[in-house]
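Quick mapping for you: the protein sequence lines, in order, are chains A and B. The first sequence begins at 1 in this note's numbering and counts up one residue at a time. The second sequence begins at 1 in this note's numbering and counts up one residue at a time.
These aren't lab readings, by the way, just hints derived from the structure by calculation. Accuracy of the hints is not assured; some may be wrong.
No more than 20 Å apart at the CA atoms, straight line, and that leaves these computed lysine to any residue pairs for SDA-like [to be verified]:
(1) B:Lys230 <-> A:Val150
(2) B:Lys273 <-> A:Leu194
(3) B:Lys428 <-> B:Pro187
(4) B:Lys296 <-> B:Arg379
This is what each chain is made of:
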Amino acid sequence: MSFFIETLLGGLMTGMLYALVALGFVLIYKASGVFNFAQGAMVLFAALAMARFSEWIPGWLGIESLFLANLIAIVLTVVVMFVVAWLVERLALRHLVNQNEATLLMATLGITYVLDGVGQTIFGSDIYKIDVGMPKDPVIMLESMFEGGVLINKEDFIAAAIAAILVAALTLFFQKTPTGRALRAVADDHQAALSVGIPLDRIWVIVWCVAGITALVAGIIWGSKLGVQFSLSTVALRALPVVILGGLTSVPGAIIGGLIIGVGEKLSEVYLGHYVGGGIEIWFAYMLALVFLLFRPQGLFGEKIIDRV
Amino acid sequence: MKQLKKLAIAASLAAALAGGLAAPQAFAQAKEQYFPILVYRTGAYAPNGVPWANGFIDYLKLVNAKGGINGVKISFEECETGYATDRGVECYERMKGKNGGATMFQPLSTGITFALTEKAPNDKIPIITAGYGRSESQNGAVFGWNFPLIGTYWMGADVLVQHIAKKEGGFDKLKGKKITLVYHDSPYGKEPIALLQERAKMHGFDLSLLPVAHPGVEQKATWLQIRQNKPDYVFLWGWGVMNSTALKEAQATGFPREKMYGVWWAGAEPDVKDVGEGAKGYNALAMQHGAEPNAKVVKDVLAMVHGKGQGTGPKEEVGQVLYMRGLISAMLSVEGVKKAQERYGKGKVMTGEQTRWGLENINLDQKTLDAMGFGGVMRPVQTSCLDHMGSAWARIHTWDGKKWNFTSDWYQGDEKVLRPLVMLTSGKYAEEKKIKPRTPEDCKK
Chain A
1 MSFFIETLLG
11 GLMTGMLYAL
21 VALGFVLIYK
31 ASGVFNFAQG
41 AMVLFAALAM
51 ARFSEWIPGW
61 LGIESLFLAN
71 LIAIVLTVVV
81 MFVVAWLVER
91 LALRHLVNQN
101 EATLLMATLG
111 ITYVLDGVGQ
121 TIFGSDIYKI
131 DVGMPKDPVI
141 MLESMFEGGV
151 LINKEDFIAA
161 AIAAILVAAL
171 TLFFQKTPTG
181 RALRAVADDH
191 QAALSVGIPL
201 DRIWVIVWCV
211 AGITALVAGI
221 IWGSKLGVQF
231 SLSTVALRAL
241 PVVILGGLTS
251 VPGAIIGGLI
261 IGVGEKLSEV
271 YLGHYVGGGI
281 EIWFAYMLAL
291 VFLLFRPQGL
301 FGEKIIDRV
Chain B
1 MKQLKKLAIA
11 ASLAAALAGG
21 LAAPQAFAQA
31 KEQYFPILVY
41 RTGAYAPNGV
51 PWANGFIDYL
61 KLVNAKGGIN
71 GVKISFEECE
81 TGYATDRGVE
91 CYERMKGKNG
101 GATMFQPLST
111 GITFALTEKA
121 PNDKIPIITA
131 GYGRSESQNG
141 AVFGWNFPLI
151 GTYWMGADVL
161 VQHIAKKEGG
171 FDKLKGKKIT
181 LVYHDSPYGK
191 EPIALLQERA
201 KMHGFDLSLL
211 PVAHPGVEQK
221 ATWLQIRQNK
231 PDYVFLWGWG
241 VMNSTALKEA
251 QATGFPREKM
261 YGVWWAGAEP
271 DVKDVGEGAK
281 GYNALAMQHG
291 AEPNAKVVKD
301 VLAMVHGKGQ
311 GTGPKEEVGQ
321 VLYMRGLISA
331 MLSVEGVKKA
341 QERYGKGKVM
351 TGEQTRWGLE
361 NINLDQKTLD
371 AMGFGGVMRP
381 VQTSCLDHMG
391 SAWARIHTWD
401 GKKWNFTSDW
411 YQGDEKVLRP
421 LVMLTSGKYA
431 EEKKIKPRTP
441 EDCKK
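From just these sequences and the hints, can you work out the full model?
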């Protein structure tokens, strides 16, 4: 029983982190109708910038405090992500207003390769460390109830809590602020939003900035867990089934989808894996999402699109 | 005017880009020994691929700085595979006939090795896989063009079992023990399974297998299973980020790192440095060498290559584990060519076929190795037409939180266990591919 609880908890915590990356997809899609394939590359880019700045800053400024170095690195990385957002709008999206979704998707594919390449060129392609003081050792709980107790990973727990706070903040931002409403209006119809005076270019920069910050948070958490290296960009691929499942337009969907995928892949690996040789958790998540697509193409919480003919 | 300016800028950019890309690549000229080099400097495995490539190239530069191979300078060219089999094959096809023909290939990927194994005999180009590739290719009678020099995965796995047995107080003490293999779910990761199953049958230990999908960043379920099964030892057959992730998950689930043993591709600086103290006590195989900052050959590279501003990578990397692996891989290739020259003419450029003969007749005794600057780094290597491995020595090194230290004496792969497996598997391959194994008489030709 304790093993099942550990697997379940592990899945829920991983799921929360998937939700964090999935949130980047949802934000940009909600606000611009763009399926941002570059979200994973943004996570890698932000994490690389954060890791290298926190490494370089003590040398540049003669600071010894890790906390201060990390703080300055975060501020610098936010600035870098804002510049990236501005450049994306200036160089790519501005020229693609009112183009179909496939064109915009292809543009983000291009942005992925540019960010992957430029990020590694500027910051290097080695494995780098982000040390934000996350605890690495586990705690064992409920030892009196279960033999051997239940293992909780403190790092995962804190990461999941941070992700939950960010998700809540973004939900409020989208639902309760004028900018959030403007973002949703732009997502519905570019031209209609323009006609009522919503500045499209500014809105796009804002949403890419918010997605950049989400990428930074995801990058810090994943980077602290795994080390900062190229594979971080593939973490975004793990978030794809999450958005398929939860719906591309729903923030709560990203959370629920993340949790279902996180739990599903861990339980499948542990309880079904040995029947088919193991290593199934990656494709199991996609299979789960595909099964969902058969019954609810818009995902669990996505908007049902009805086209009149 | 504006148009012209734009054109000029575009042309300059294109020229700069083309120049920048081409400059470090090809140095091929006539009468030079051409070494194509398959590398991965980008992608998920770049942190491990880069030091290997830098060590390989620095050694070639060192040989050139010392006058070449009996006066024949080496030209070399990199091709980026990204550790992808299709790209590796593409590189092979593109480079095999360039500059008078490739001397040999070193794919640095078991997947690419599998793909090239059937191509090499037709093209008559040796495939050197020092410490990786197909374990059964040690049998040169069947695999005439594969050279798993100084180590195969079966040999590595065999040494690990020997070490565990020694720790436990003998092979008989392994009965009932639980060993879990956590492996990269690829041809590379699956290679040791056959040997470990054989050893499990012999000694009665329980072997469980846990594959990890590429690139290996998600291992929570794997380590929860390990926590539940409580194995006595975990063998780690990972590559790239999979290794550091495994160590972090071991820490997160409280599995003692002292009971973890990695293969030699899971025992280098990139695998542990961002885990730091969390990896303290973790052990890995050393394919003869470990980190060798004090070796004479390292000092030579620093003086004659880096000292002249021609180093391929950062100076601090020289002497690290994967750097040394690349350097030794290059040395073995060069020694193959040097040996071939003894038969086919000193100071001449060798073909792939002639190099094959050289590789089959390498005889590096300790005196020669010491003179070359490899004293303390590796043990003698002697290949033959029928034995393409040439040496089966390994030892264990352990991470102390800051650096790797040797913590065992030398072990030698047990031929009584390895040979039957090699003969059986290579025999099946020969039958399947309708290959007539070479005889000792064939080897004299």
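**Asked** Are Lys230 (chain B) and Val150 (chain A) close enough, with their CA atoms no more than 20 Å apart?
**Response** 15 Å, holds
**Prompt:** Do the alpha carbons of Lys296 (chain B) and Arg379 (chain B) lie within 20 Å of each other, as the hint requires?
**Reply:** 15 Å, holds
**Prompt:** Are the Cα positions of Lys273 (chain B) and Leu194 (chain A) separated by 20 Å at most?
**Reply:** Violated, because 52 Å separates the two Cα atoms, which is more than 20 Å.
**Request:** Mind checking the alpha carbons of Lys428 (chain B) and Pro187 (chain B) for me, to see if they're no more than 20 Å apart?
**Result:** Holds, because 18 Å separates the two Cα atoms, which is no more than 20 Å.
Going down the numbered hints, you'll see the structure goes against just number 2.
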